[in-house]
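In case you want the letters, here they are:
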Amino acid sequence: MDRSSAVIALVRRHGLIVAFLIFIVLVSANSPTFLTVGNFLDVIRQTSITGMIALGVTFVVITGRFDLSVGSMLTLLTVVVVDQHNAVGPGLALLFVLVGGMVLGAVNGLLIGFIGLNALIVTLAMLSFLQGLTLLYSGGANVNIADAQSWFALFGRGTVYNIPVPVLIFLASAAAASFLLRKTIFGRTVYAVGGNEVATRFSGINSRWTIFLAYVLSGLATAGAAIIMGSRVMGAQNTIGQGYELTVLAGVVLGGTSLIGGSGSIWRTVLGIIMLGFIQNGLLLLGYPYYVQWLVTWFVIIAAVWIDLGAKRGRLFA
Amino acid sequence: MTARPQDAPVLEIRGICKTFPGVRALDEVSFNVGKGEVHAIVGENGAGKSTLMKVLAGLHAPDGGKLVYNGQEQSFTSPLDARLKGILLVHQELSLSPELSVAENIYLGAWPTNRVGVLRKKKLHEDARAALQALGSDINPMTRVGELSIARQQMVEIARAQAFNANVVIFDEPTASLADTEKAQLFKTILELKERGRSILYISHKMDEIFAITDRITVLRDGKYQGTETTAETDIDKITRMMIGRDLDAYFHRAKSAPGAEVLRVEKMCSSDFSDVSLSVHAGEVLGLYGLIGAGRSEVAESLFGMRQIRSGTLYWHGEETPFPKPRQAIEMGISLVPESRKEQGLVLGMNGRENTTLPHLSAYAQAGVMVHSREMQTYREYVDLLDIRTSGPDQLVATLSGGNQQKFVLAKWLCGHPKLIILDEPTRGIDIGSKSAIHKFIAGLAEQGLAVIVISSEMPEILGVSHRVAVMSEGKIVAEFTGADQTEENLIAAVSERRNVEAPEEGSAERPPVDARAVMGGQG
Ligand SMILES: Nc1ncnc2c1ncn2[C@@H]1O[C@H](COP(=O)(O)OP(=O)(O)OP(=O)(O)O)[C@@H](O)[C@H]1O
Ligand SMILES: [Mg+2]
Chain A
1 MDRSSAVIAL
11 VRRHGLIVAF
21 LIFIVLVSAN
31 SPTFLTVGNF
41 LDVIRQTSIT
51 GMIALGVTFV
61 VITGRFDLSV
71 GSMLTLLTVV
81 VVDQHNAVGP
91 GLALLFVLVG
101 GMVLGAVNGL
111 LIGFIGLNAL
121 IVTLAMLSFL
131 QGLTLLYSGG
141 ANVNIADAQS
151 WFALFGRGTV
161 YNIPVPVLIF
171 LASAAAASFL
181 LRKTIFGRTV
191 YAVGGNEVAT
201 RFSGINSRWT
211 IFLAYVLSGL
221 ATAGAAIIMG
231 SRVMGAQNTI
241 GQGYELTVLA
251 GVVLGGTSLI
261 GGSGSIWRTV
271 LGIIMLGFIQ
281 NGLLLLGYPY
291 YVQWLVTWFV
301 IIAAVWIDLG
311 AKRGRLFA
Chain B
1 MTARPQDAPV
11 LEIRGICKTF
21 PGVRALDEVS
31 FNVGKGEVHA
41 IVGENGAGKS
51 TLMKVLAGLH
61 APDGGKLVYN
71 GQEQSFTSPL
81 DARLKGILLV
91 HQELSLSPEL
101 SVAENIYLGA
111 WPTNRVGVLR
121 KKKLHEDARA
131 ALQALGSDIN
141 PMTRVGELSI
151 ARQQMVEIAR
161 AQAFNANVVI
171 FDEPTASLAD
181 TEKAQLFKTI
191 LELKERGRSI
201 LYISHKMDEI
211 FAITDRITVL
221 RDGKYQGTET
231 TAETDIDKIT
241 RMMIGRDLDA
251 YFHRAKSAPG
261 AEVLRVEKMC
271 SSDFSDVSLS
281 VHAGEVLGLY
291 GLIGAGRSEV
301 AESLFGMRQI
311 RSGTLYWHGE
321 ETPFPKPRQA
331 IEMGISLVPE
341 SRKEQGLVLG
351 MNGRENTTLP
361 HLSAYAQAGV
371 MVHSREMQTY
381 REYVDLLDIR
391 TSGPDQLVAT
401 LSGGNQQKFV
411 LAKWLCGHPK
421 LIILDEPTRG
431 IDIGSKSAIH
441 KFIAGLAEQG
451 LAVIVISSEM
461 PEILGVSHRV
471 AVMSEGKIVA
481 EFTGADQTEE
491 NLIAAVSERR
501 NVEAPEEGSA
511 ERPPVDARAV
521 MGGQG
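Protein sequence lines, in the order shown, are assigned to chains A and B. Take the first sequence: its letters are residues 1 to 318, numbered as in the UniProt record's numbering. Take the second sequence: its letters are residues 1 to 525, numbered as in the UniProt record's numbering.
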């Protein structure tokens, strides 16, 4: 029992990375473009949107909770940023979206942290609510940014010394998030709440605030992603964020952050998201259609959750 | 008590080794367990007792050595495997599934099914009831385990021994959370098991229990085997010397300070768990709160700390009327609570000792919201030294610490904020005798520095030994208060049993050592 749990722990720590490296070797043997700098930057650029969201979701997951509303939140916020860009200009549009993301996160946080409702249900309901709200807002039409020369294009399309701006935004945000999680009082309470909420309350920490703030961060991060998305597409459709909630979750768990809560880190999430990006990119280069990525998401989530549980109970099977 | 013949061992432990990252938990441990023997395993916190028992019960695979069971070399692949072969571990920390019923828990992993795999509920319940009845317990096998008290949960674990017809039953600190009557019941059960030729391994830090019920005593120290003594031919001093390598300065330390100004007073505090509780505690004073388990003492403590809703009552803090605080305010006022259950209320098991220690006082270890690592480390080191906590380093998760060392981190966590009033709910639960007297000395030291201290304990010698004044609780009420010469064992027993109408266990029985023995046993209570 002890030995098998040691093996599980090893798989949990390094196994996915090993499997990933094997995948890389296989793909690069079959596709000459896979291991090129250009492709690498491409992958990172593509992952910056899921990555941004995942930064916020990591906080929520470490508190031992979920946020399944980020996909449709991404849609709504992207539609809003594009539409408001046309209406009030890029500066105010950015402000609206950042505040809007935090407000939506705060609604989740209130219901889950302060009222104590189940996170899965609350955010799933929010997912549906925001889908409806998006259509209500847009009237079902796609929107595009009228002024193609707007500086707003910088966030999704710009480069600095050949490095895509979205990548820079993602990495800078990751550094900030990592600092917040590892070095601050708030970060410490996030781990504590996820590890043992009762003991945390016995330590005089208001776990409700911690949970609330984690959801606010999740909303803020999603707003950041919406800005990159809107800027990259210079427009928005009503389904643009569909399915992102699970892709993001797959990236978080692929990095090894436990869905049970209490452990995990930002660098793990960054690693997980980038690995996931390479897997999807590799599959595309191998000639599989893009929707194969949903199958991959399934596989990654099941594998990661299974290994997590296996490590906790010391064996893989019930 | 007679030692059983050692020539027919049921279990031979031969050179067992087990290493965890950073610690050699077991180093070539060898000894035998005889048939029909009650065999104590003693040692300091972190000596390797629980680890050894987990190896025997199939939870850990040893790195070296072998187990000979009934004359055959054995290796157990899982706890269920060990259980089916007749070795059963009753855990230090209870390990039942709260959502399952009593019967389902007893037979966990071996539920009776019919040919197509459907659970035979009726048989399950009947078997479970039979197992419980054999132990003299009236627990309904259909109850959800989460609804049972800790003592009753433990009964359920013991019923497993009965149900699986276990040959070797291992108890890891079984009495840590039992009330006296329940303890007496447990000892009766153990002796019955022994009569039927079962072998019992018994881990405890309570020497009175060990000398009352065991035949032989094996001592571990730092993972190494120190020897096995026949209980009837040895004494506490010898065993302690083997355990800690020196003599124990084992007397209770009562603070020498005279009580000063009043720190806290509550009047007519009521809640759903207790009523009309009035008490006060002064600077430099240790107030003991005695009572049986379930009397409402922990509830009072948690209420003073703001973890529970109060219905009515008044609180005076340093003489001024103050609203009942929330936990955060309580901490800021200078109230600390070392809670009853270290695993549920005391610690975040997935964090290390440093993070647990500073958790209630994060802002004191931060600058503009950013944690200052060096400040945290300073406190961590200070308290690891002060309380003699054994860890493999500041990064060791408290989940992997021994039970007693976990408890010490709970103490560290609540002492490092320099409180004015500290409430200690069973502060020495699971703590070895050497550290126990260190903690008693420490409590006395706190009072001498001017702190007000409330100690809750179910161990009478501990309460009597450390307190200036003892309040007795029973069924949610404070029924008596004793100081000075009135503060005696007889008075406490009388106060408790008067209300409960329960027969006090007779003098000298296992759970209440006679008065003179107390002086000898000192620290271990
Ligand atoms: N899973 C683990 N990982 C790492 N170290 C461990 C693990 N389990 C136990 N240890 C270490 O092994 C040593 C022995 O621990 P063990 O729990 O056996 O002590 P013990 O004698 O039962 O102490 P106590 O009286 O406090 O319960 C300790 O130093 C402990 O920190
Ligand atoms: Mg132990």
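A couple of the hints might just be wrong.
To be verified - Pairwise CB distance ranges, derived in the manner of DEER restraints:
hint	chain 1	residue 1	chain 2	residue 2	range
1	A	L284	B	G15	52 to 60 angstroms
2	A	V198	B	H418	56 to 64 angstroms
3	B	S97	A	L295	19 to 27 angstroms
4	A	L284	B	K122	36 to 44 angstroms
5	B	G117	A	L168	52 to 60 angstroms
6	A	V99	B	A368	53 to 61 angstroms
7	A	I163	B	L100	53 to 61 angstroms
8	A	K183	B	G117	29 to 37 angstroms
9	B	H418	A	L35	55 to 63 angstroms
10	A	L284	B	K121	32 to 40 angstroms
Calculated directly from the structure, the hints in this document are not laboratory data. A virtual CB, placed ideally from N, CA and C, is assigned to each residue, including glycine.
Hints and how they fare:
For the pair L284 (chain A) and G15 (chain B), the supplied restraint of 52 to 60 angstroms holds, since their beta-carbon distance comes to about 58 angstroms. The hinted range of 56 to 64 angstroms is not satisfied by V198 (chain A) and H418 (chain B), whose Cβ atoms lie roughly 25 angstroms apart. For S97 (chain B) paired with L295 (chain A), a C-beta distance near 35 angstroms fails the hint of 19 to 27 angstroms. The beta-carbon spacing between L284 (chain A) and K122 (chain B), approximately 58 angstroms, falls outside the hinted interval of 36 to 44 angstroms.
Taking 52 to 60 angstroms as the suggested C-beta distance range, the pair G117 (chain B) and L168 (chain A) conforms, at roughly 58 angstroms. At about 24 angstroms, the CB distance of V99 (chain A) to A368 (chain B) disagrees with the hint of 53 to 61 angstroms. At about 55 angstroms, the beta-carbon gap between I163 (chain A) and L100 (chain B) stays in the expected band of 53 to 61 angstroms. At roughly 53 angstroms, the beta carbons of K183 (chain A) and G117 (chain B) sit outside the given window of 29 to 37 angstroms.
The hinted window of 55 to 63 angstroms between H418 (chain B) and L35 (chain A) holds, with their beta carbons roughly 59 angstroms apart. About 53 angstroms separates the C-beta atoms of L284 (chain A) and K121 (chain B), a value inconsistent with the hinted range of 32 to 40 angstroms.
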